[in-house]
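Residue numbers (this note's numbering), protein chains in the order written: chain A, 1 to 264; chain B, 1 to 328.
These are calculated hints, taken from the structure and not from any lab test.
These numbers come from a predicted model, not from an experiment.
We put the beta carbon where it would ideally sit given N, CA and C, even for glycine.
You may find that some hints are simply not true.
[Unchecked claim] Which residues of chain A face chain B? A few of them, derived with a C-beta cut under 7 Å, are:
1. 94
2. 106
3. 110
4. 114
5. 125
6. 221
[As the list claims (entries may be wrong)] Taking lysine to aspartate or glutamate pairs in the EDC-like style, the calculated list, with each CA pair at most 16 Å apart, reads:
7. 73/B - 43/B
8. 56/A - 38/A
9. 144/B - 255/A
10. 27/B - 175/A
11. 56/A - 255/A
12. 227/A - 60/A
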Amino acid sequence: MRTPFSDVPRTTLTAFYWAFILYLLLPLTLMMAMSFKDANFVAFPIGEWTFDWYVKVMQDKQFLEACLYSIMIAAAATLAATTLGVWIAMLIVADGIRGQIVLFALACLPAVVPGMISAISLRIFISTIDMPTGTAAIILGHTVHAVPFVVVMALTRLRSMPGNLVDAARDLGADSIVAFFRVTLPYLRPALGGGMIFCVLLSIDDFVRTFFLGGYRPTLPMLIFAKVQGGMSPEINAMATLVLVVTAAVGLYAEYFTRRARTR
Amino acid sequence: MVSSNTTAGFGTVRDTTVPKYSTGIAKVVNSALYRYTLGAAVESRIGRILLLAGVPLIWLIMLHVGPIYQMLKISLLSHYPVQPGRESHFTLENYAIFFRESIYFTPLIRSFIFATAATALTLVVVYPVAYYVAKIVRPEGRSKALLLLLVPFWAGELIRTFSVIMLLANRGALNVLLREIGLIDRPIPMLYTSFSLGFGLVYLICLYMLLPLYSAIEKIPSPLLDAAADLGAGPLTRFRRIVLPLSRDGIVSGCCLVFLTCIGVFATPMLLGGPNTVLFPETISGFFHGASDKWPVGAAFALIMLVTALIAAAIFMRLVGGRKRRAI
Numbered sequence: 001m002r003t004p005f006s007d008v009p010r011t012t013l014t015a016f017y018w019a020f021i022l023y024l025l026l027p028l029t030l031m032m033a034m035s036f037k038d039a040n041f042v043a044f045p046i047g048e049w050t051f052d053w054y055v056k057v058m059q060d061k062q063f064l065e066a067c068l069y070s071i072m073i074a075a076a077a078t079l080a081a082t083t084l085g086v087w088i089a090m091l092i093v094a095d096g097i098r099g100q101i102v103l104f105a106l107a108c109l110p111a112v113v114p115g116m117i118s119a120i121s122l123r124i125f126i127s128t129i130d131m132p133t134g135t136a137a138i139i140l141g142h143t144v145h146a147v148p149f150v151v152v153m154a155l156t157r158l159r160s161m162p163g164n165l166v167d168a169a170r171d172l173g174a175d176s177i178v179a180f181f182r183v184t185l186p187y188l189r190p191a192l193g194g195g196m197i198f199c200v201l202l203s204i205d206d207f208v209r210t211f212f213l214g215g216y217r218p219t220l221p222m223l224i225f226a227k228v229q230g231g232m233s234p235e236i237n238a239m240a241t242l243v244l245v246v247t248a249a250v251g252l253y254a255e256y257f258t259r260r261a262r263t264r
Numbered sequence: 001m002v003s004s005n006t007t008a009g010f011g012t013v014r015d016t017t018v019p020k021y022s023t024g025i026a027k028v029v030n031s032a033l034y035r036y037t038l039g040a041a042v043e044s045r046i047g048r049i050l051l052l053a054g055v056p057l058i059w060l061i062m063l064h065v066g067p068i069y070q071m072l073k074i075s076l077l078s079h080y081p082v083q084p085g086r087e088s089h090f091t092l093e094n095y096a097i098f099f100r101e102s103i104y105f106t107p108l109i110r111s112f113i114f115a116t117a118a119t120a121l122t123l124v125v126v127y128p129v130a131y132y133v134a135k136i137v138r139p140e141g142r143s144k145a146l147l148l149l150l151v152p153f154w155a156g157e158l159i160r161t162f163s164v165i166m167l168l169a170n171r172g173a174l175n176v177l178l179r180e181i182g183l184i185d186r187p188i189p190m191l192y193t194s195f196s197l198g199f200g201l202v203y204l205i206c207l208y209m210l211l212p213l214y215s216a217i218e219k220i221p222s223p224l225l226d227a228a229a230d231l232g233a234g235p236l237t238r239f240r241r242i243v244l245p246l247s248r249d250g251i252v253s254g255c256c257l258v259f260l261t262c263i264g265v266f267a268t269p270m271l272l273g274g275p276n277t278v279l280f281p282e283t284i285s286g287f288f289h290g291a292s293d294k295w296p297v298g299a300a301f302a303l304i305m306l307v308t309a310l311i312a313a314a315i316f317m318r319l320v321g322g323r324k325r326r327a328i
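Turn these sequences into a full structure, and let the hints steer you where they fit.
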């Protein structure tokens with residue numbers, strides 16, 4: 001295959017790609033390596049290696065509680081965002097609905113508004129409806145953040161769906177609700193599986209919304225942020241490494257899941 | 001599966017001609033409770049429309065538009081939350097403060113400079129990478145090459161920012177390496193400067209640029225490039241006349257995404273920046289965590305930032321985008 005760069009050695013681009021990969025992975029690798037340092041301060045070279053920080057983190061009650069709290073919030077926000085996102089997508093693709101572009105723009109609005117402003121507007125919003133900061137407010141914020149992504153993923157899948165599938169179900173006596181649950185939803189499932197995992201990652205990673213909407217119970221990013229501001233210690237590295245490994249594994253699984261669904 | 005107690009009270013076998021399904025959905029649909037409520041609603045046109053549009057419209061208006069509207073409203077008030085014994089009236093004072101005091105003006109300008117620079121730098125760095133994956137890697141290997149680029153993306157904003165500290169700190173990897181080689185005697189202070197903030201921003205957002213660029217470049221038909229080459233166009237001409245114009249959509253959406261993300265980044269400047277690199281989000285945040293009476297000012301500032309960021313993105317789209325793109 002000929003490319004515009006074919007006169008420039010192709011190896012230059014290959015080398016650039018690998019240099020970029022190195023740039024992406026180097027800080028994370030250093031961060032992970034530092035979690036094995038056998039000293040209570042962060043500095044290179046690492047010198048003595050130890051596993052103690054992991055033992056300490058796994059016994060840290062605050063960390064474990066923050067993990068559970070983050071997972072709980074992520075699960076609730078994902079469930080809510082998936083339901084609402086699919087519902088909005090169904091409305092956008094429905095026949096005879098006017099103003100689809102307006103609806104789509106409205107659905108995407110939270111994804112366009114910068115994170116910080118979204119967080120502040122939500123903080124103001126919950127205070128105007130007398131909602132206290134805390135768990136419910138965080139879940140609400142994370143749901144608003146995730147809905148646009150679900151809408152886009154569901155829309156992409158819905159547009160590739162043959163229209164006569166639903167027609168056939170209707171001819172065989174299913175009403176609209178039954179047709180949705182037995183035909184449309186199963187058709188959407190592969191897209192939603194990946195989308196839901198993406199929502200979970202969005203929620204677990206989110207810092208700015210939690211910062212403004214949260215109460216005194218820290219989520220994982222809040223805990224790490226507080227510890228980083230409190231002073232460096234390899235303990236934070238061990239914590240971050242654990243979180244990184246788990247989220248990367250979940251992300252890889254999502255990638256595998258969506259790819260398998262696509263090829264099927 | 002649906003538990004039997006939802007249907008038990010009404011009796012499941014109402015009509016012997018109804019075929020027996022084994023699925024949970026069928027049990028629900030054949031229950032009287034469903035037939036007289038949702039089942040009846042969905043029979044009529046209005047019922048169907050309400051069921052389809054009700055919840056989505058309420059959600060979109062309440063939670064996608066509502067917060068922005070409330071922010072706009074509060075930015076025009078003199079006091080919020082209203083304390084007893086105090087009157088709140090409409091005013092433009094909150095906006096005027098921004099233009100009067102340069103300590104507020106500077107962070108916004110700085111935010112824009114950092115976001116623009118980071119966007120431009122990201123575009124220049126990521127374009128060759130996207131091109132490499134989309135056109136040079138063989139199709140079988142593409143998803144693997146892409147996956148390798150996505151791995152750091154799962155680390156999350158905070159952990160990626162934290163890992164940059166490991167590289168740039170006074171006793172971080174870079175300084176120690178430079179000292180080992182003998183290039184420097186004492187560590188160069190890199191952390192808490194514009195450099196570390198810029199480095200962190202680019203590190204944080206470069207993947208948002210990759211995917212739009214990749215999908216745009218991948219769509220360029222290779223025969224087009226071959227034809228141009230046969231007609232005597234050199235590599236630079238082919239890049240300038242074919243690849244660049246045809247990947248324009250990817251450039252526009254990638255740059256807008258990166259720019260808007262950069263403007264709204266909050267944790268990164270707090271961890272990597274210093275006293276001389278205070279960005280606008282941090283300024284705004286101060287109004288919400290200090291005395292609560294400053295909320296209207298914070299809301300006004302947030303709106304100023306939102307509007308200027310969207311205008312900047314729109315101008316960029318207009319300049320570079322050229323033709324109109326379909327929204328859906």
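Structure-based check of all given hints:
1. 94: holds (6 Å)
2. 106: Holds, about 5 Å.
3. 110: Check passed: Cβ of residue 110/A comes within 6 Å of chain B, closer than 7 Å.
4. 114: Holds, because the Cβ-Cβ distance from residue 114/A to chain B comes to roughly 2 Å (cut-off 7 Å).
5. 125: holds (4 Å)
6. 221: At 5 Å from the nearest chain B Cβ, residue 221/A passes the 7 Å test, so the hint holds.
7. 73/B - 43/B: violated (42 Å)
8. 56/A - 38/A: Roughly 13 Å between the alpha carbons, so the hint for residue 56/A and residue 38/A holds.
9. 144/B - 255/A: Holds. Residue 144/B to residue 255/A sits at ~11 Å (cutoff 16 Å).
10. 27/B - 175/A: With a Cα-Cα distance of about 14 Å, the restraint between residue 27/B and residue 175/A holds, given a limit of 16 Å.
11. 56/A - 255/A: violated (32 Å)
12. 227/A - 60/A: Between residue 227/A and residue 60/A the Cα gap is close to 13 Å, so the pair holds against 16 Å.
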